[in-house]
Amino acid sequence: MASERPNQLFRNGSAKIAAIPMIVTALFVFVGGTVWTVVYSFTKSGLLPRLNWVGLDQYERLWATRKWLVAIENLVIYGFCMLVLVFVIGFVLAALLDQKIRFENTVRTIILYPYALSFVVTGLVWQWILNPEFGVESIVRGWGWESFSFDPLYNADIAIYGVLIAGLWQGSGLVMVLMLAGLRGIDQEVWKAARVDGIPTWKTYIFIVIPMMRPVFITTLVLVVTGIVKLYDLIVAQTGGGPGIATEVPAKYVYDMMFQANNLGQGFAASTMMLVTVALIVIPWAILEFGGSKNRG
Amino acid sequence: MNNSVEIKNLDLQFGAVKVLQDLNLDIGKGEFLVLLGSSGCGKSTLLNCIAGLLDVTAGQIHINGTNVTWAEPSERGIGMVFQSYALYPQMTVEGNLSFGLKNAKLPKAEIAQRIKHASEILQIEPLLKRKPAALSGGQRQRVAIGRALVRDVDVFLFDEPLSNLDAKLRADLRVEIKRLHQRLENTMIYVTHDQIEAMTLADRIAIMRGGQIMQLGTPDDIYGRPVNKYVAGFIGSPSMNFLDGTIQNGAFKAGDLTVPLAGYDFASGGAVDGPTTLGIRPEHVTTGQLVSDAPIQVDVIVELIEPTGSDKLIDCQVAGHHFRVRMEGQASVSVGQTLRLGIDPARASLFDAATEERL
Chain U
1 MASERPNQLF RNGSAKIAAI PMIVTALFVF VGGTVWTVVY SFTKSGLLPR LNWVGLDQYE
61 RLWATRKWLV AIENLVIYGF CMLVLVFVIG FVLAALLDQK IRFENTVRTI ILYPYALSFV
121 VTGLVWQWIL NPEFGVESIV RGWGWESFSF DPLYNADIAI YGVLIAGLWQ GSGLVMVLML
181 AGLRGIDQEV WKAARVDGIP TWKTYIFIVI PMMRPVFITT LVLVVTGIVK LYDLIVAQTG
241 GGPGIATEVP AKYVYDMMFQ ANNLGQGFAA STMMLVTVAL IVIPWAILEF GGSKNRG
Chain Z
1001 MNNSVEIKNL DLQFGAVKVL QDLNLDIGKG EFLVLLGSSG CGKSTLLNCI AGLLDVTAGQ
1061 IHINGTNVTW AEPSERGIGM VFQSYALYPQ MTVEGNLSFG LKNAKLPKAE IAQRIKHASE
1121 ILQIEPLLKR KPAALSGGQR QRVAIGRALV RDVDVFLFDE PLSNLDAKLR ADLRVEIKRL
1181 HQRLENTMIY VTHDQIEAMT LADRIAIMRG GQIMQLGTPD DIYGRPVNKY VAGFIGSPSM
1241 NFLDGTIQNG AFKAGDLTVP LAGYDFASGG AVDGPTTLGI RPEHVTTGQL VSDAPIQVDV
1301 IVELIEPTGS DKLIDCQVAG HHFRVRMEGQ ASVSVGQTLR LGIDPARASL FDAATEERL
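Protein chains in written order, with the numbering used here: chain U, 1 to 297; chain Z, 1001 to 1359.
Treat the hints as calculated values from the structure; they're not laboratory data.
What you are looking at is a predicted structure, and each value in this text was computed from that prediction instead of being measured.
Don't be surprised by glycine CBs; every beta carbon is placed ideally from N, CA and C.
Among the hints, a few may not be true.
[Claimed, not checked] Capping the alpha-carbon separation at 27 Å, the derived lysine-lysine pairs in DSSO-like fashion look like this: (1) K1131(Z) with K203(U); (2) K1105(Z) with K1131(Z); (3) K1105(Z) with K203(U).
[Stated by the list, open to error] Partial list, derived from the structure: chain U residues whose beta carbon lies under 10 Å from chain Z: (4) R184; (5) G185; (6) Q188; (7) K192; (8) A194; (9) R195; (10) V196; (11) G198; (12) K203; (13) F207; (14) I208; (15) I218.
[To be verified] Reference excerpt, derived from the structure (chain U facing chain Z, CB under 8 Å, subset only): (16) A95; (17) D98; (18) V190; (19) D197; (20) I199; (21) P211; (22) M212; (23) D256.
This is chain Z alone, in the form it adopts within the complex (with noise of 0.2 Å):
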């Protein structure tokens, strides 16, 4: 008994309109599982069925190796901080920490002994005695996080909760919540549409379309080897650029350009001829020096530049299709220059052109 939270063949229906469809998903002890997708895909409400804020229509959910499909929320092992805080405003913030726990009728010093390990790991402390209108956004957020954490459970549920704070905060609270993952070692499961939040926390990610997992796997394999075209081209900013052709005897044709599939680890079997998708990502190629070691070679001219101050994304035209390069922030190009491309075809990622599916 590993997993934490298993679901078993989860539908969801509302109406006639089908939210998730036979969804099963096993998620391990300690394990931080981030749930990604773009608005409307189901995976807040995947996270309010494990939550038992939603009824599901058939499957199962089981925490902790309890089946708590028909559960309370409250009844299930878990804590939960929302987007919008969720915090009750009339409560200060050590009301809002002891609500449920007092409603649970648990001993007074059990209550401020949880109060003070939770406000300390979330250094809340001096805040105890304010009221959420008195806090700010990354403050209320923390108060949030502490309310899941004093209910003293085993798994941890995120529903977009930095969305509502400013990129700094976003970017200082995710660093939080990765070290409290570290250090309470707690199964954690977390919603957002942020490639970047879902990049940096997760041991693994789900990304969602249509109320299905598309794909579940670590960072690394999700952007490195996304298993069809939706995937590839949601991960990954600028996103990957996409080639239409076709394989012929072995090779990539598009326009005049030809790329020959040795380095490439097809996913099944070899490959096969036939209309194909190439889509290789803007950091992925070389430019410069390097570009003698790429198998492939190309020369494009620039048409637009985007310094951002660490890169210089580059836009152009590679047979026919509009192509983004990534280039060092100091390397030195201007408008309508001929730039010299290097392509590894065994960084590329070939995508049927019917099914999208890696090839």
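This is chain U alone, in the form it adopts within the complex (with noise of 0.2 Å):
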């Protein structure tokens, strides 16, 4: 035969060629972007990115800054508020809309929409929603319960239990369709298997059907916990981090440190601790999901 194997390099050239402007994106822009961060959050930089190292200086300032700390705070209970009440509602909401019922397409649509608008509106209705002068508080006042008060946005206790339920209203609707496109998914004999048995529904979906759905879980878990991390348009439309800095979250102290602040620096040592949490969360779950994964049936 005068025919040589072909070199591997260029076999699917064309699908190789098409790869290359996404490679070379990842590779500059997230892994560059994200080195270059790095490397200069151990600089004194301020308006402008300069190479005069100071150590460590720029974590130290930032751990004994108060409002990065109630940003950490927020975001842990904003964080884990949302993740438990977004599974539990999207959940409960799927499965009642699983019974068969009627206008299962209006309802799902209706509860899907906030989903479609932007964080920046959802957090001005919500502003005005939870606005003392003319929002739930001064209706259910006007019904004659003069004494009613609801305004989590001016207590600076309880303000990001305000932005919670903004952010409630907004993901449920995503998690609900995918918890239904799951539900969906699961053999009708399984059910009826399970009622043979005598096993009660509720016990059904907690060891039958919700095991049965794991893929869908971790995709939306994936999801709502991406929006958790990068919360930021929402605060700003909502709360603009007040009042003071009751609501402020990590996103919001790395754009101010960068951009308001000319503190580049700061910013850059912000993010980077952002980068290491959100490192050490998902690096150990990827090892358990995927690292055993040939063993897997």
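Taking the hints as your guide, dock the two standalone chains into a single complex.
Structure below.
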């Protein structure tokens, strides 16, 4: 035979060429940008990045700043509540919608609609709804309950929960739709088998159906968690971080430092801390999830 | 009280669609009843009604003498096996078998004993610690049967349990189900669209069509004396040959073929003149040396031969109708050859051309 084995580098050549822009983007923007940020977080950069090293000074300052600590605390509260509640609400809505009800499409669309709104619109809408002057509080008082008080956005202790309400309103629809798709993927005969076995509906959900929906849960988890970590625009639109610094979050701290306070080094240090936190969560999980994949059936 | 399951005047409607209509069925203790029909005939629906997975519109269902029409599936004393196995994928085989029992708060020793018993019968002891994903189709279906077995009930319901398996496994598991029935002597109701499964397993077969039972009888009955043309055409493979003609003066005439009906066992009275369809199974047409024994003989030209190893199927024309004959696998025959066939009216079936009922 005259022909030789073709060079493996050029196999599927057009596909490889098509992938080059994305590979370049990923390398330069994501990896390059990340490395650059981490490097400059050890400098005293102000308005412009400069390579004047200060070691860990930026980090020491960061962890001594109350605004950053509040931001971390808020993210933990918001993140934990959001994660638990959005899953519970989304799953319950999906389970209710899965009962072959009438107007399912209509209900599903209505519940999903908030997700189509940007965080800015969501933030503004809920800022108005939670405003004591003309929101829920004034309406209930108008009904005659004069002492009724509901103004989370004006109480520094609970302001973050006001943001949480808006976040839940916006995010539950997506979780519901994903969960509904997962529920629809469950073989109806499994439900029948559980009924013949005499297993109550709630137990069937918890011990049989939810474990079967594991892939859907992981997809949803990734979406929800990334949404939580990059929480920024909702805060800006709804509270502006206030009252005081009560609803600051890390992403907003980073933005404020880099573009308002002209303190790039501090902003880089804060964003590096966010990266480290995410990595600490994601890497062990990824090893657990994909490391043993060969043994999985 | 000899009936295990009694179905009385059962109706089921989805909106305006009547799926089951005024259906009556008594199933004796220890009987193996097969519900047979093509898709959409209501056989699975009927089984789901018996299981309590579908609410009936009207009528009653009695199991072991108790009216269970509105009882929960788990309280009816039934075990059910599904086509897709419907195992709980996150649990081991043992977990699958024990989950329902644990939920019913049975003592641990009792659960262990039942699992041991069931896994011995089904030979799944080595698989108890495995998950369903690590099992083959046949093993999964055994586990599914085991899940019905540990419930220790009198009535087993099978919803096309072998349809997801390949042909060889299907044949193997079919034999096992039959053995299981002989050993346990439980009442079994089995839904299938496969006539071979139905014929081999059943004590009695109920052929369903359009939500009604067309014929209920032993496999021999249904094969030998089908009550109407639909049943006759449905049972048997290759299917029965039909010749359209008329009865005149006690003989069936179709084209140049005349079949005197002296040996035919009429269902009611005798021959009545009028348009009629004669049905005869390919395997009941004789060829070769046996032809001389047959009352009717006819010459045909061989158009097509389908050898299947054990048999040869011959396509030809009789009285202007497409006609198939089964010959022995070793028979020497070639296309274009003239073949003499023997037909015995005693083994044929006659159907009224208008009502399609057996005469």
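Query raised in the report: So which of the earlier hints does this model not fit?
Result: 4, 5, 15, 16, 17, 23
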